[in-house]
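Protein chains in written order, with UniProt numbering: chain R, 1 to 268; chain U, 1 to 326; chain B, 1 to 293.
Do not take every clue at face value.
[What the hints assert, rightly or not] Computed list of lysine-lysine pairs in DSSO-like fashion (alpha-carbon distance at most 30 Å, straight line):
1. U:K87 x U:K169
2. U:K106 x U:K152
3. U:K152 x U:K169
4. B:K119 x R:K191
5. U:K87 x U:K103
6. B:K37 x R:K89
7. U:K166 x U:K93
8. U:K152 x U:K87
9. R:K191 x B:K37
Hints listed in this document are in silico derivations from the structure and should not be mistaken for laboratory results.
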Amino acid sequence: MVEVSTPVRWALRLAAVAYVFFLVAWPVALVVRQTFSNGLDNLIEAFQDPHVVNALELTLMVAFWAVVINTLFGVTISILLVRYEFPGKRLLSALIDVPLSVSPVVVGLALLLVYNGRDGWFGPTLEANGLQVIFDTPGMIMATCFVALPLVIREVVPTLTEVGDDQEQAARSLGANARQTFWRITLPSIKWAVIYGVVLSLARSLGEFGAVKIVSGNVTGRTQTATLMVEAKYQNFQQGTAYATSFLLILVSIACLVVVAVLRPKHP
Amino acid sequence: MSIDVSGVTKTFGDFVALDDVSVSLPTGQLTALLGPSGGGKSTLLRVIAGLETADTGRVTIEGVDATRLPPQKRNVGFVFQHYAVFKHMTVAKNVAFGLEIRKRPKAEIAARVDELLRLVHLSQFSHRLPSQLSGGQRQRMALARALAVEPKVLLLDEPFGALDAKVRKELRDWLRRLHDEVHVTTVFVTHDQEEAMEVADEIVVINDGRVEQVGTPDQLYDEPANDFVMSFLGEVTTLGGVLLRPHDVHISTTPQLAGAAEGTVSRVLRVGFEVRVNVLTDDGEDVLLVLTRTHARQLGIEPGVRVWVTPASGALTVPSMKAAVG
Amino acid sequence: MTSALAGVTGAAAEPASREGRRPRRSRRATPRNTLTKGAALGLGVTMVWFSILVLIPLAAIVATASENGWSQYVATLQNPQTWAAIKLTVGQALLVTVINIVMGTVIAWVLVRDRFPGKAILDVIIDVPFALPTIVAGLVLLALYGPNSPIGVHWANTERAVFLALAFVTLPFIVRTVQPVLEELESDVEEAAASLGASRTTIIRRIVLPSLTPAIAAGAALSFARAISEYGSLVLLSGNLPFRTEVVSVRVLSFIENGNTASAAALATIMLAVALLVIVVLDIVQRRVSRRG
Ligand SMILES: Nc1ncnc2c1ncn2[C@@H]1O[C@H](COP(=O)(O)OP(=O)(O)OP(=O)(O)O)[C@@H](O)[C@H]1O
Ligand SMILES: [Mg+2]
Chain R
1 MVEVSTPVRW ALRLAAVAYV FFLVAWPVAL VVRQTFSNGL DNLIEAFQDP HVVNALELTL
61 MVAFWAVVIN TLFGVTISIL LVRYEFPGKR LLSALIDVPL SVSPVVVGLA LLLVYNGRDG
121 WFGPTLEANG LQVIFDTPGM IMATCFVALP LVIREVVPTL TEVGDDQEQA ARSLGANARQ
181 TFWRITLPSI KWAVIYGVVL SLARSLGEFG AVKIVSGNVT GRTQTATLMV EAKYQNFQQG
241 TAYATSFLLI LVSIACLVVV AVLRPKHP
Chain U
1 MSIDVSGVTK TFGDFVALDD VSVSLPTGQL TALLGPSGGG KSTLLRVIAG LETADTGRVT
61 IEGVDATRLP PQKRNVGFVF QHYAVFKHMT VAKNVAFGLE IRKRPKAEIA ARVDELLRLV
121 HLSQFSHRLP SQLSGGQRQR MALARALAVE PKVLLLDEPF GALDAKVRKE LRDWLRRLHD
181 EVHVTTVFVT HDQEEAMEVA DEIVVINDGR VEQVGTPDQL YDEPANDFVM SFLGEVTTLG
241 GVLLRPHDVH ISTTPQLAGA AEGTVSRVLR VGFEVRVNVL TDDGEDVLLV LTRTHARQLG
301 IEPGVRVWVT PASGALTVPS MKAAVG
Chain B
1 MTSALAGVTG AAAEPASREG RRPRRSRRAT PRNTLTKGAA LGLGVTMVWF SILVLIPLAA
61 IVATASENGW SQYVATLQNP QTWAAIKLTV GQALLVTVIN IVMGTVIAWV LVRDRFPGKA
121 ILDVIIDVPF ALPTIVAGLV LLALYGPNSP IGVHWANTER AVFLALAFVT LPFIVRTVQP
181 VLEELESDVE EAAASLGASR TTIIRRIVLP SLTPAIAAGA ALSFARAISE YGSLVLLSGN
241 LPFRTEVVSV RVLSFIENGN TASAAALATI MLAVALLVIV VLDIVQRRVS RRG
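Based on the provided sequences and hints, a complete structural model is requested.
Spelled out as structure tokens, the structure:
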């Protein structure tokens with residue numbers, strides 16, 4: 001292994017640390033500090049604002065459903081992609097990654113065009129049958145699902161590939177049926193990958209902004225999520241509340257990161 | 001002397017990998033470093049190549065003190081167990097690498113690469129990427145790459161370790177012939193005594209970070225310095241407190257020779273043309289001996305038969321460690 | 001410490017994982033079908049959901065944009081404000097990607113090859129931009145580079161703000177694609193080069209960097225795709241000033257808000273095309289890597 005000379009090593013180390021410090025660490029620390037600039041006042045004030053509490057509850061609800069749906073969908077698709085051969089598999093595998101490269105604004109627009117109640121492709125029919133998608137929770141859950149879609153799959157597929165199908169075949173040869181094989185062999189072997197996927201999806205879902213902004217209509221107290229609340233409060237010069245809400249979001253996202261870092265097995 | 005290692009000690013933390021090792025390897029010879037796993041063979045080779053620096057001691061290569069020289073300046077060719085190919089370069093580019101570093105003219109590089117690829121029988125693969133070669137071909141490419149810079153010494157760390165038995169044997173013969181052609185001082189590491197005996201002019205036996213013995217294959221086999229070398233170079237058995245080769249045990253069904261140990265045949269195993277016999281002596285020693293099938297049939301050796309065993313006349317014996325201690 | 005993002009970006013650096021264990025088989029002319037009844041049902045249900053959620057909505061964008069043929073695209077691109085937004089977005093995204101190529105590789109190198117107290121913290125911080133809500137990212141950057149900047153840098157509502165936001169949200173991509181590759185580089189390859197006489201700089205230039213190139217390319221593609229589609233982090237930071245700091249996403253949003261869905265869809269289609277291009281490039285890079293083996 002090449003050892004770079006000491007001055008070069010120091011220069012690289014300094015560059016890396018300084019870049020990350022000025023771009024991420026210091027700004028985040030400043031927001032945390034500003035949250036507590038008047039002690040706990042900002043946080044208390046935020047929690048006494050019914051709109052904030054409402055937004056937090058809505059965020060949790062939307063994120064919960066999005067994660068549940070993405071987990072079911074992700075595990076199923078992963079198993080199909082790794083364990084089966086079928087025409088169009090390569091295409092599907094490429095399409096799965098599309099949501100990573102689509103702007104949240106475009107996601108919002110796409111859902112709007114299909115599901116809005118006025119002139120969307122399916123929207124009027126759905127509304128006639130009592131299901132409002134756009135400007136309501138179903139649309140917000142869909143938007144969140146869209147942006148976080150590949151995360152579980154990207155965790156599970158490599159693990160599933162690595163584990164191989166020997167154990168599953170062994171289980172089959174011992175008389176286990178498909179359902180038993182899945183619950184007793186496949187799922188336990190991808191358990192951790194699924195958990196990382198869930199945690200990452202959760203972080204992404206709690207923080208979604210652009211797509212949700214478009215499909216929710218951003219109605220304060222009804223369809224305003226925590227991230228939309230941050231924007232509104234900041235622009236209304238209620239910066240204390242904006243900081244407090246941001247602080248909560250930072251806390252949750254860093255907690256997610258730490259959970260993943262701790263859970264992920266160290267590779268040799 | 002081409003390579004002189006004197007008083008080299010190397011520790012990793014508080015683990016002593018090389019303990020005051022001194023060996024001299026003569027110019028133009030093919031030397032094997034032989035020893036059990038973890039004995040320090042790779043470490044010694046890497047110290048010679050400059051990939052590891054010794055804590056104490058000196059390394060001299062072709063009369064030049066190389067102890068403090070970085071690997072780039074030592075002009076040694078090193079072939080790694082897992083080839084260490086440059087994956088993103090073609091076979092020809094891999095071989096040309098060292099020459100390009102030395103800024104040789106293009107035409108000269110092309111000619112030399114051509115010549116070397118012919119030498120290792122890879123001419124038709126020159127434009128392939130290493131991933132498109134078999135293990136044996138990759139190893140030959142690694143060898144050509146090391147030879148390209150005309151190193152003063154060629155060091156190979158278990159060069160055939162990752163190959164299957166047949167390819168291994170082919171490459172082993174091929175290495176011997178190659179060495180006879182290019183005559184570069186060559187040191188290769190192996191833990192396979194058969195490989196060492198067959199290929200090397202000289203063998204250095206290393207165990208536990210120490211040199212146990214240096215000598216030609218015959219010297220090592222016929223005059224092992226101690227019981228470790230003896231048992232490492234071939235099968236041994238104990239009889240009357242000494243180590244000897246199983247084919248050096250004399251067996252008879254009557255008490256012919258004085259001092260023979262009496263015992264009972266406990267197991268007879270036929271392996272091809274030879275018969276392996278275990279005898280449990282009345283003193284409680286389990287002696288292994290090897291006979292030809294004809295001989296065994298003549299004597300009527302079968303489990304349960306009473307026999308007398310003794311070292312054959314002229315047999316090489318070494319006091320066993322247990323006997324020496326006890 | 002290992003990264004939370006490894007799985008997200010790692011797939012780009014680890015070829016063939018998506019294709020399962022038998023990449024050769026998938027190259028056959030006629031793909032085999034090994035679906036059992038249950039699996040086929042599962043595939044059906046997930047495909048319906050995938051269509052409802054992703055395929056049909058994206059198709060709706062392309063369809064809406066193409067209702068008036070090419071004229072919609074031409075009109076959209078000819079709008080000077082839109083054109084300025086495209087130029088700004090692509091320009092800043094390119095700049096950020098270049099910076100990421102350099103800094104991302106340096107950071108990955110430091111994380112893998114260097115050792116110093118606090119390195120584990122650095123490793124975790126790299127992932128923060130990924131986990132942080134984008135709106136919060138904007139707020140956070142505003143704290144250091146906004147009007148109340150403690151270091152006197154007032155970049156809010158300027159082009160620099162766009163750069164900052166994009167650099168922030170794309171920080172992890174190259175680091176996390178390069179890091180695993182660097183970790184798995186075998187040290188004997190570098191030693192082989194050293195014993196052949198290569199100096200340290202030569203080894204880095206001719207052995208290490210070429211091995212990292214596919215990973216860097218994959219990370220750069222991801223980072224560029226993310227940068228041109230960024231929205232949330234710019235909302236508070238860049239001020240969305242037309243002709244100055246307005247990016248494409250903001251432009252799409254204002255078309256939506258003005259009820260001009262056709263223009264919004266046309267601009268969105270152009271962005272989708274760019275995203276698709278990036279995915280194709282990514283795939284080619286991955287396949288070239290897997291051929292190398
Ligand atoms: N970089 C290192 N750090 C710590 N210990 C090491 C290192 N390299 C080697 N060792 C230790 O030094 C001893 C000798 O190692 P070496 O690789 O020289 O053995 P070897 O004779 O080549 O064995 P093998 O036949 O298995 O390759 C071993 O016990 C090994 O664990
Ligand atoms: Mg070794």
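**Asked** Is the hinted pair B:K119 and R:K191 satisfied, with a Cα-Cα distance of at most 30 Å?
**Response** Between B:K119 and R:K191 the Cα gap is close to 29 Å, so the pair holds against 30 Å.
**Message:** Between the alpha carbons of U:K87 and U:K169, is the straight-line distance 30 Å or under?
**Reply:** holds (26 Å)
**Asked** Within a Cα-Cα threshold of 30 Å, do U:K166 and U:K93 meet the stated pairing?
**Response** Distance of about 29 Å is within 30 Å: holds.
**Request:** Please work out if U:K106 and U:K152 have their alpha carbons no farther apart than 30 Å.
**Result:** holds (23 Å)
**Asked** For the pair supplied as a hint, B:K37 and R:K89, is the alpha-carbon distance within the 30 Å limit?
**Response** Roughly 17 Å between the alpha carbons, so the hint for B:K37 and R:K89 holds.
**Asked** Going straight from one Cα to the other, do U:K87 and U:K103 come out at no more than 30 Å?
**Response** holds (22 Å)
**Prompt:** Is the Cα-Cα distance between R:K191 and B:K37 30 Å or less?
**Reply:** holds (25 Å)
**Request:** Quickly compare the C-alpha distance for U:K152 and U:K87 to 30 Å and report which way the hint goes.
**Result:** holds (26 Å)
**Request:** Would you check the hint for U:K152 and U:K169, treating anything up to 30 Å between C-alpha atoms as holding?
**Result:** Status holds; Cα separation ~26 Å.
Hint check: no violations occur; every hint is consistent with the structure.
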